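Whole structure, please, built from the sequences with the hints as guidance.
Protein sequence lines, in the order shown, are assigned to chains D and S. When we follow our numbering, the leftmost residue of the first sequence carries the number 1, and every step to the right adds one. When we follow our numbering, the leftmost residue of the second sequence carries the number 1001, and every step to the right adds one.
Derived from the structure by calculation, the hints contain no laboratory data. Only a predicted model underlies this, so the values are computations on that prediction, with no experimental measurement involved. Certain hints may be false.
[Stated by the list, open to error] Derived DSSO-like pairs: lysine-lysine, alpha-carbon spacing no greater than 30 angstroms straight-line:
{"id": "1", "chain 1": "S", "residue 1": "1606", "chain 2": "D", "residue 2": "75"}
{"id": "2", "chain 1": "S", "residue 1": "1815", "chain 2": "D", "residue 2": "75"}
{"id": "3", "chain 1": "D", "residue 1": "97", "chain 2": "D", "residue 2": "75"}
{"id": "4", "chain 1": "S", "residue 1": "1683", "chain 2": "D", "residue 2": "86"}
{"id": "5", "chain 1": "S", "residue 1": "1110", "chain 2": "S", "residue 2": "1011"}
{"id": "6", "chain 1": "D", "residue 1": "27", "chain 2": "S", "residue 2": "1853"}
Chain residues, written in single-letter form:
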Amino acid sequence: MNDSWLAVCHLHDIAPNTGICAKVHDKQVAIFRQGKGQDLYAIDNFDPIGKANVLSRGLLAHIGDSITVASPLYKQHYCLQSGICKEDEKVKIPVYKVRLNEGAVEVLAG
Amino acid sequence: MSQDHSMQTQKVIVVGNGMVGHQFIDALLNSDQRERFEIITFSEESRVAYDRVQLTRYFETHNAEDLALTTQAYYEAQGVRLYLQDKVEHIDLHNKTVRSVNGIELTYDKLVLATGSYPFVPPIKGNDRENCFIYRTIEDLEKITNAARKGAKVGAVVGGGLLGLEAAKAVKDLGLDAHVVEHNTRLMAVQVDDGGGQLLKEKIRQLGVGVHLGKTTSQICDGEECVHRMEFADGEVLETDMIIFSAGIRPQDALARQCGLDIGERGGIVINNYCQTSDPDVYAVGECALWNNRIFGLVAPGYAMAKVALAHMIGQSAGEEESFTGADMSTKLKLMGVDVASIGDSHGVTPGARVYTYFNQPKEVYKKLVISEDNRKVLGAVLVGDAEDYGTLLQYMLNGIDLPDDPETLILPSFDGAAKPTLGVAALPQSAQICSCHDVSKGDICSAIQNGCCSIGDVKGSTKAGTGCGGCVPLLTNVVNHQLEELGVEVSRDLCEHFPYTRQELYHLVRVGKIQTFSELLEKHGKGHGCEICKPTAGSILASCWNDYVLTDDHIGLQDTNDIYLGNMQKDGTYSIVPRIAGGEITPEKLIVLGQIAKEYGLYTKITGGQRIDLFGAQLHQLPEIWDWLVKEGFETGHAYGKSVRTVKSCVGSTWCRFGVDDSVGLAIDIENRYKGLRAPHKLKFAVSGCTRECAEAQSKDVGVIATENGWNLYVCGNGGMKPRHADLFATDLDRETLIKYIDRFLMFYIRTGDRLQRTSVWRDNMEGGLEYLQKVIIEDSLGIAEELEREMALNIGNYQCEWATTIKNPERLKRFSHFINSEETDSNVQFVKEREQIRPANELEKSHIIAKAG
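Dropping the structure here:
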């Protein structure tokens, strides 16, 4: 098991209010930076509805109380905290831990 | 009729597949009783029903499909048996059978005669000479076109009624010297009075059509300069190469006459209030039918008859509701660009009728209002040159609404401070017909609202009101708003949960407040962090206003799927690349470059509908390399990814084409370069055609330009996509400078007022006041904003940049163009297979094979 934090990039590599994709061991992880500060989220990059690795390229959307990403393919919203799809709650994607360590963005994806 | 027919099917034969015959069939197909009937129809023409009202449009398009009301395939799929180019020649009422010219013999349970009418050709000596035509079917129009191609220079139309004037316009548009010959002393004698007729004559003459009134043709013989010479009773003559007879219609009742049905003294198949003929199992509908000694030569009464006949036939008829009791023959139309309308008793023949007239010679407007002796009710009206009051006056007349104290104010122009009395929609009875094209009453609209419709769009979708000619949309809007208010409904037009504003309001806030970024907009006017609705909307507005580079730190998070990587994302997450090829013109050298790039990167290559080349299958990391190559070779971005100006399609134009009238390619390139990259509420497509053959299909575009002998004709708000809409002719015979000025203003006005993701077609359909309003704003500058719009456009054009040229010079931005931020690897889920010698995305099954093999 890969249970150690992996540094993937610097905070300034992620433009405010956008996402990037990082390779964490054998996984594709979408990391988002909400706002201009240090508010980071990490989910799986695979869109199970559109069936492609594209979620990091979606738009951040503030829906109700949660921060979501709208899939760039068919616009379903995935909650960045729970991974649950707003349009179809049966669909849930993996959520990963992400932190900032002295300017470096680190992901824990076991 | 037997009593136990409920289980067995009945055979219905509809004789004639014109507009009304088709309407009957279509209504039957859509009724819940459809299963009870077997439907058969005969048409003597070579095609299924088409829109005869719009027949003249065939001269513009030469495409019969544009006019089609249905297709053979639809009939086939619906189980309608269709006999084309076959005519019923015999009916046996006793044995209930019909026999056709081709020898088909069938029995029927119910027979519907929808045989229509035929044009009346006056019994003039020489009326059967060559190049003498009638004006009724597409075949007739083809014959007329052929005669024009074979060298006819002059064309005369006998008959100055509605159809005659349409025919004269067609003759003129074919490039002939056109004349109208009318035995009456005014044009459109049935609808218009002397005053209106006089003005109409002047207007038609100004358009270059010869008008000959009070002329009875005594004979047609050999001409000296032309093929024919028409000799008039007063001794004058007219030389012409072609003659079109359009002197009224006669009901096509020969078949009914021959089989013994009752026929009126002056023709027409006699029907009762249920559209039954003298044989109860035979119905007659449309122009062949005679009700109360009247023939109805308009399509709307024909449709009403079809509805009544159907209801009676399937047994839903319950009393007065479903009976035909005559029809209002009021009409409003545009003849050669001149508005003409006639309502009710337009000639004021009602005993005691009183008349108001308004005649404005400089502005060429004539209006007449006919009211009752007691000053209380509208009886009729004539409007020429300005028919804006039509809807209001018609409602007054149809519903017997009491007139205001000074009835003349209804037709007088409004001046500042003295607003015109508006017709309160509350005054309309529930039965008032709001949309005559689809027969929708105020009551229908109210029940649609009660059943949950809460916007104009909803009501349009649910009732079809306002989706025909569109003339009733302003009134419809009033009725809908009024009803919503009555119900206490407050309709939210907020963009999303973050902004309590419409797109139009946000645009205004950005423009006036000189707001430069989304965070500033959110801080001043919104709440929360924004979403995928308001972010791209704001991004588009900011780009329309200030035209900044879209990938700055402030803007990048606003860009939608495609804009953020400046490419079109495909289903597998790869991108397509579309460089700009302005006007569709490209050198062999550049074409080779595109080929080399496609080959180098193994991209799927396809020609787009907008005359460009689309390269598919590029992965994120390849985009900057490919664009670097493209930019070096002189290409720039095509903005195919943006809600922005896409392409200006063009035909080859006068430079090469034998028929070209002007340089369509040159203009297309200039227009494309002027507006390239302009961001708007939705994508924008343009086209320029070099002549009226219209090979560039400009009339299906947001902005279409067509060359004529006298300059450019501008069309706007067309659409070819999901919901095709024919563009509106906006202005004619423009010079290049005026054309560009109008397009500048038009685009900026759309960008200002359009809703999010609203194409110009829908924007236009929802616009109160319709085309006329738009023309007033853009051409006459009625809002006083024309200069401002032009200035805003100039600023936008001045700030243009190729986003790809900027991006490839920006290392910070280029970092984003790789699948992983921390690895050179690519996405293993992107897999291609070959098809027709090119790549395509692998499907799930193919992918599992590929990945298994690799593993």
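The hints, checked one at a time:
1. Pair hint residue 1606 of chain S plus residue 75 of chain D holds up; C-alpha atoms about 27 angstroms apart against a cutoff of 30 angstroms.
2. The suggested pairing of residue 1815 of chain S with residue 75 of chain D holds, with an alpha-carbon distance near 25 angstroms, which does not exceed 30 angstroms.
3. In summary, the hint linking residue 97 of chain D to residue 75 of chain D is supported, as the alpha carbons are separated by about 24 angstroms, within the 30 angstroms threshold.
4. A distance of roughly 28 angstroms separates the Cα atoms of residue 1683 of chain S and residue 86 of chain D; the hinted pair therefore holds under the 30 angstroms criterion.
5. Between residue 1110 of chain S and residue 1011 of chain S, the direct Cα distance comes to roughly 6 angstroms. Compliance with the 30 angstroms bound is thereby established for this hinted pair.
6. For the hint pairing residue 27 of chain D with residue 1853 of chain S, the CA-to-CA distance comes to about 20 angstroms; that is within 30 angstroms, so the pair holds.
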